Amino acid sequence: MTLSYVPDGSLAHRLDPRSKLLVQIGFAAAAYAYTTPRGLAALTLLAVACLSLAGGGPRDLWTYRAAFPVLAIAPVVAGATLGAPWFRVERAATTGLASYRVLLILVVAAGYVRSTPVRESRAAIQRAVPGKAGQFLGTGVALVFRFLPLLKRDLLTAREAVQARGGGALPVRERMRLVAVAGINRAFGRADRLGTALNARCFAWNPTLPRLALGPADYPALAVGAGLVAAAVATLV
Amino acid sequence: MIDVDGVTCRFGSDGGSGDADDGVVAVDDVTLSVPDGEFLIVAGANGSGKTTLVRTFNGLVEPDAGTVAVNGTPVSDDLVAARTAVGMVFQDPRDQLVAATVGADVAFGPENLGCSHAEIDRRVDDALAAVNMTGREDDRVASLSGGERERVAIAGALAMEPDHLVLDEPFTGLDEPARRSVLDRLRDLRAAGTSVIAVTHDLRDVLGLADRVVGIADGRVAVDAAPEAAAADLPGLDVRVPASFEADDSDRYATAAGGDAASGP
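In order, the protein sequence lines correspond to chains A and B. At position 24 of the first sequence (counting the first as 1) the number is 24 in the working numbering, and the numbers step up by one without a gap. At position 35 of the second sequence (counting the first as 1) the number is 35 in the working numbering, and the numbers step up by one without a gap.
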């Protein structure tokens, strides 16, 4: 399963993408400002609420499974020492909390991606960042969202092709090499075909973007986002 | 009207040696015209150069020699005009679908053309109606069957409101219901007067729909005739043809609502 936009009638789907972006930014700032267990517990409730309001659930987090081992092993590595006492719990706990806040940010991001069409993200970015810079940024975001799921599918099919021909018995390193080489080749081919498709459909840097309008539901979201930003800034002063 | 005049395309050439043998010649000095309203089949075996040829129609491939003009304007002079006038459906629709939902994908072209929101909505509605997918705007592209993806790809091209619609191997990889469904949509397009250029090596389904067949072999035009006359020469090009030619007149009886609506996915 690839994390991508899922049509739905959830509250988050009805929000303006700019409101959702502000909540995301505010959440990330607050997560880095409040690293205590109490602060992270409060942010956990908020993160779960964000994903739920987007109609998502634990299944959406499966997309991030590749990141889980890294987040899990980081506290172990941080806590390990080369001599006695061999493991420092306080260091591991600090890094564990840092890993956890990354996970929370990913949860909120999953809610955003699930509830926001790519072209609305592009519109929000191009309106927030005027001029060529906004066009470049918006187009880049749109292309990444379009290209990554295709690339991931190509890597999966490459892995399946290796396994289908007995490659599962090969050493991990050799399997990784085969999938990586096939994946890179396919990525270049995919990029060529995507470029051709965009050309055929008159790709423009400044197309007609979807209408964006703040509705009644956006004001509480904006308030939450602004509150999170303010709370994060408050820790600095 | 598409006018192709002495077009040659090479792959692998360094582009500047002037050596006639430089690179692989995919299209070799082809000259032909495609009038508006014609249902044309471009037939040929794999590697014959037919896809390369049709990709010059909207500037996706730039000829090494010769010119292509669409509605009197050289393609190289106005790529956007050429790509608006000549819509293209690729062999694998997955290469063409760029959005997460059907509606967003069909709207992608008109958005790029800078159409107003009302115009975009109208074009999306019309294009989805033309492929019998009205009301499917919010369906996820990833959840569509092969035939449905092909139809969404056709809708995406139709939303550009092209004068000519090029379909590259439109039946490849489709099961029987999906094949019938796409064929029904081609009949509808033909009945509606849309110019269709079908690129294929298997003419069993579409030969009866065609006004004209151009057979390509080794990059050259080997056959250019009405389907009845072309049917006898085509097997020599390693393409599949029906056992006997029979004109498909079913579109004459198609309803204004879009013909056979009881097709599969």
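It is possible that part of the hints are untrue.
Simulated restraints, written as ranges between beta carbons of each label pair [said to hold, decoys possible]: (1) A:S10 x B:T134: 22 to 32 Å; (2) A:E90 x B:H117: 25 to 35 Å; (3) B:T172 x A:T35: 20 to 30 Å; (4) A:I73 x B:S76: 49 to 59 Å; (5) B:E62 x A:L97: 28 to 38 Å; (6) A:R14 x B:R140: 38 to 48 Å; (7) A:L236 x B:F11: 55 to 65 Å; (8) A:A191 x B:N71: 23 to 33 Å; (9) B:P177 x A:G57: 30 to 40 Å; (10) B:G37 x A:V70: 37 to 47 Å; (11) A:L214 x B:E62: 38 to 48 Å; (12) B:D77 x A:A128: 32 to 42 Å.
In silico contact screen, one side only, chain A against chain B (beta carbon under 10 Å); selected entries [stated by the list, open to error]: (13) R159; (14) A161; (15) L198; (16) A200; (17) P207; (18) L209.
Just a sample of chain B residues kept apart from chain A, beta carbon distances all over 10 Å, derived [as the list claims (entries may be wrong)]: (19) G47; (20) G59; (21) T73; (22) D92; (23) T101; (24) A104; (25) G109; (26) G114; (27) A142; (28) S145; (29) A157; (30) G173; (31) R220; (32) V221; (33) E228; (34) R240.
It is worth saying that the hints were derived from the structure and are not from the lab. Quick caveat, the model's predicted, so the values are computed rather than measured. Glycine is no exception: its CB is placed at the ideal position from the N, C-alpha and C atoms.
Verification of the hints:
1. A:S10 x B:T134: 22 to 32 Å: With a Cβ separation near 25 Å, S10 (chain A) and T134 (chain B) satisfy 22 to 32 Å, so the hint holds.
2. A:E90 x B:H117: 25 to 35 Å: violated (57 Å)
3. B:T172 x A:T35: 20 to 30 Å: Hint violated: Cβ distance 55 Å, outside 20 to 30 Å.
4. A:I73 x B:S76: 49 to 59 Å: Once the Cβ atoms are compared, 56 Å apart, the range 49 to 59 Å for S76 (chain B) and I73 (chain A) holds.
5. B:E62 x A:L97: 28 to 38 Å: violated (57 Å)
6. A:R14 x B:R140: 38 to 48 Å: violated (18 Å)
7. A:L236 x B:F11: 55 to 65 Å: holds (59 Å)
8. A:A191 x B:N71: 23 to 33 Å: Since the Cβ atoms of A191 (chain A) and N71 (chain B) sit about 31 Å apart, the hinted range of 23 to 33 Å holds.
9. B:P177 x A:G57: 30 to 40 Å: holds (34 Å)
10. B:G37 x A:V70: 37 to 47 Å: violated (60 Å)
11. A:L214 x B:E62: 38 to 48 Å: Once the Cβ atoms are compared, 46 Å apart, the range 38 to 48 Å for E62 (chain B) and L214 (chain A) holds.
12. B:D77 x A:A128: 32 to 42 Å: With Cβ atoms ~37 Å apart, the hint holds.
13. R159: violated (18 Å)
14. A161: Where the cut-off is 10 Å and the nearest Cβ of chain B is about 17 Å from A161 (chain A), the hint is violated.
15. L198: holds (7 Å)
16. A200: Where the cut-off is 10 Å and the nearest Cβ of chain B is about 5 Å from A200 (chain A), the hint holds.
17. P207: This hint holds: P207 (chain A) lies near chain B, its Cβ roughly 4 Å from the closest one there, short of 10 Å.
18. L209: holds (7 Å)
19. G47: holds (17 Å)
20. G59: violated (8 Å)
21. T73: Consistent with the label, T73 (chain B) stays out of reach of chain A, its closest Cβ about 15 Å off (over 10 Å).
22. D92: The claim is violated: D92 (chain B) sits with its nearest Cβ about 8 Å from chain A, within 10 Å.
23. T101: violated (6 Å)
24. A104: A104 (chain B) not clear of chain A: closest Cβ-Cβ about 6 Å, inside 10 Å.
25. G109: violated (4 Å)
26. G114: Violated, since 6 Å does not exceed 10 Å.
27. A142: Incorrect as stated: the minimum Cβ-Cβ distance to chain A is 7 Å, not above 10 Å.
28. S145: holds (17 Å)
29. A157: For A157 (chain B), whose nearest Cβ neighbour in chain A is about 8 Å away, the distance does not exceed 10 Å, so it is violated.
30. G173: holds (15 Å)
31. R220: Fine: 24 Å to the nearest Cβ keeps R220 (chain B) off the interface.
32. V221: At about 24 Å from chain A, V221 (chain B) clears the 10 Å cut-off, so the statement holds.
33. E228: holds (33 Å)
34. R240: Fine: 26 Å to the nearest Cβ keeps R240 (chain B) off the interface.
This entry does not satisfy hints 2, 3, 5, 6, 10, 13, 14, 20, 22, 23, 24, 25, 26, 27, 29, going by the numbered hints stated previously.
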